[in-house]
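Just need the whole structure built from these sequences, with the hints factored in.
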Amino acid sequence: MAHVTIEWTANLEGELDVRALMEMLAADMKDRSDGVFPVGGIRVRAYRVDHYVIADNAGPEDAFINVDVKMGAGRSAEFRQRYFDALFARLRDHLGGMFDRRPLALSLYVKETEGWKHNSIHKRLAGTD
Amino acid sequence: MAHVTIEWTANLEGELDVRALMEMLAADMKDRSDGVFPVGGIRVRAYRVDHYVIADNAGPEDAFINVDVKMGAGRSAEFRQRYFDALFARLRDHLGGMFDRRPLALSLYVKETEGWKHNSIHKRLAGTD
Amino acid sequence: MAHVTIEWTANLEGELDVRALMEMLAADMKDRSDGVFPVGGIRVRAYRVDHYVIADNAGPEDAFINVDVKMGAGRSAEFRQRYFDALFARLRDHLGGMFDRRPLALSLYVKETEGWKHNSIHKRLAGTD
Numbered sequence: 001m002a003h004v005t006i007e008w009t010a011n012l013e014g015e016l017d018v019r020a021l022m023e024m025l026a027a028d029m030k031d032r033s034d035g036v037f038p039v040g041g042i043r044v045r046a047y048r049v050d051h052y053v054i055a056d057n058a059g060p061e062d063a064f065i066n067v068d069v070k071m072g073a074g075r076s077a078e079f080r081q082r083y084f085d086a087l088f089a090r091l092r093d094h095l096g097g098m099f100d101r102r103p104l105a106l107s108l109y110v111k112e113t114e115g116w117k118h119n120s121i122h123k124r125l126a127g128t129d
Numbered sequence: 001m002a003h004v005t006i007e008w009t010a011n012l013e014g015e016l017d018v019r020a021l022m023e024m025l026a027a028d029m030k031d032r033s034d035g036v037f038p039v040g041g042i043r044v045r046a047y048r049v050d051h052y053v054i055a056d057n058a059g060p061e062d063a064f065i066n067v068d069v070k071m072g073a074g075r076s077a078e079f080r081q082r083y084f085d086a087l088f089a090r091l092r093d094h095l096g097g098m099f100d101r102r103p104l105a106l107s108l109y110v111k112e113t114e115g116w117k118h119n120s121i122h123k124r125l126a127g128t129d
Numbered sequence: 001m002a003h004v005t006i007e008w009t010a011n012l013e014g015e016l017d018v019r020a021l022m023e024m025l026a027a028d029m030k031d032r033s034d035g036v037f038p039v040g041g042i043r044v045r046a047y048r049v050d051h052y053v054i055a056d057n058a059g060p061e062d063a064f065i066n067v068d069v070k071m072g073a074g075r076s077a078e079f080r081q082r083y084f085d086a087l088f089a090r091l092r093d094h095l096g097g098m099f100d101r102r103p104l105a106l107s108l109y110v111k112e113t114e115g116w117k118h119n120s121i122h123k124r125l126a127g128t129d
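Protein chains in written order, with our numbering: chain P, 1 to 129; chain C, 1 to 129; chain E, 1 to 129.
For chains that are exact copies, the list does not tell them apart, and a pair is met inside one copy or across any two.
Computed list of lysine to any residue pairs in SDA-like fashion (alpha-carbon distance at most 20 Å, straight line):
1) Lys117 <-> Val39
2) Lys30 <-> Arg124
3) Lys30 <-> Ala89
4) Lys117 <-> Arg102
5) Lys111 <-> Tyr83
6) Lys117 <-> Arg101
7) Lys30 <-> His51
8) Lys70 <-> Asp56
9) Lys117 <-> Gln81
10) Lys70 <-> Tyr109
11) Lys117 <-> Leu12
12) Lys111 <-> Gly74
13) Lys70 <-> Leu106
14) Lys70 <-> Ser33
15) Lys111 <-> Ile6
16) Lys111 <-> Ala73
17) Lys70 <-> Arg82
18) Lys70 <-> Glu114
19) Lys117 <-> Leu106
20) Lys30 <-> Lys111
21) Lys117 <-> Phe99
22) Lys123 <-> Asn11
23) Lys70 <-> Ala86
24) Lys123 <-> Asp56
25) Lys123 <-> Glu61
26) Lys70 <-> Tyr47
27) Lys111 <-> Val36
28) Lys70 <-> Ile6
29) Lys70 <-> Asp28
Think of the hints as simulated: they come from the structure by calculation, not from any bench.
This is the structure in structure tokens:
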């Protein structure tokens with residue numbers, strides 16, 4: 001499984017295409033992870049941050065995009081480093097010149113966890129194979 | 001203390017009774033944990049996920065419900081396994097045939113943590129005893 | 001970097017000044033941490049909790065405020081204990097008599113993590129020095 005949670009500050013509205021960002025992340029995990037992330041377990045969501053204070057609270061254009069990834073344990077440290085280094089580089093590319101146009105903080109955090117799960121999305125995927 | 005956070009995708013609106021799910025979880029922790037979770041520390045919240053991309057982004061009916069539990073450290077590994085195995089089974093039962101009616105991913109994660117707290121709900125509970 | 005996430009239950013609307021709380025937390029990290037938190041990395045956000053069940057689900061006035069801090073690893077255990085003990089005390093003071101006026105649970109959790117980041121807010125801050 002791979003859970004991805006995006007937060008973006010509301011002052012990016014109109015400049016950031018949140019759907020495109022979510023689709024980019026989901027497709028990246030599906031197509032560029034050598035099958036490490038089962039497709040049926042990819043869940044990307046995004047929350048708009050309407051209430052925020054950034055840095056010294058003096059830059060109304062200050063914005064942030066934060067990406068948290070939660071995935072099952074067991075992937076090698078080597079895979080984690082390589083895949084997420086590359087993902088972060090692609091995230092920066094995806095956002096393009098936004099860092100030059102305004103003060104923007106992008107962050108990506110990854111944690112491993114185990115839990116309980118039950119999932120009938122795999123069945124839908126198998127049916128369309 | 002026990003913090004529970006539910007996320008549900010907006011396409012479950014009308015099919016998932018979020019209030020009933022929250023009440024089921026709070027009551028379960030209160031009544032079925034052998035007093036391990038102090039009643040005054042139970043806090044269940046739910047966030048509707050309005051922006052999401054799931055799996056291969058090709059199943060508009062794909063949905064997810066994710067449950068994160070954060071609780072104080074110190075419960076035994078045996079309790080954790082037994083209680084959350086049972087809770088997850090009851091969660092699945094509670095959702096009933098929803099897994100057959102649509103592609104749905106249910107997940108439950110538990111983590112332990114310690115922090116700082118101050119709580120006057122215990123006083124309200126003591127007053128109504 | 002320091003990420004702060006506040007959750008407050010919707011029944012505190014009109015009683016809790018969320019903006020003042022966010023500003024207090026951001027200023028505290030900027031001014032009282034002996035420079036441990038770089039100013040350009042401070043990101044405080046708050047989410048209103050519209051759906052919740054607390055304790056025995058019998059106290060409509062029950063409310064909670066939860067504060068999660070995520071910061072880079074490497075600060076000493078001594079700093080963590082001292083700074084967050086003091087921050088929590090200031091949080092309680094900031095909320096004043098609210099604990100007496102209603103059943104209220106305040107909590108603060110801190111975790112350390114490492115991730116990937118790119119940030120042009122530092123440039124804005126340097127430019128205004």
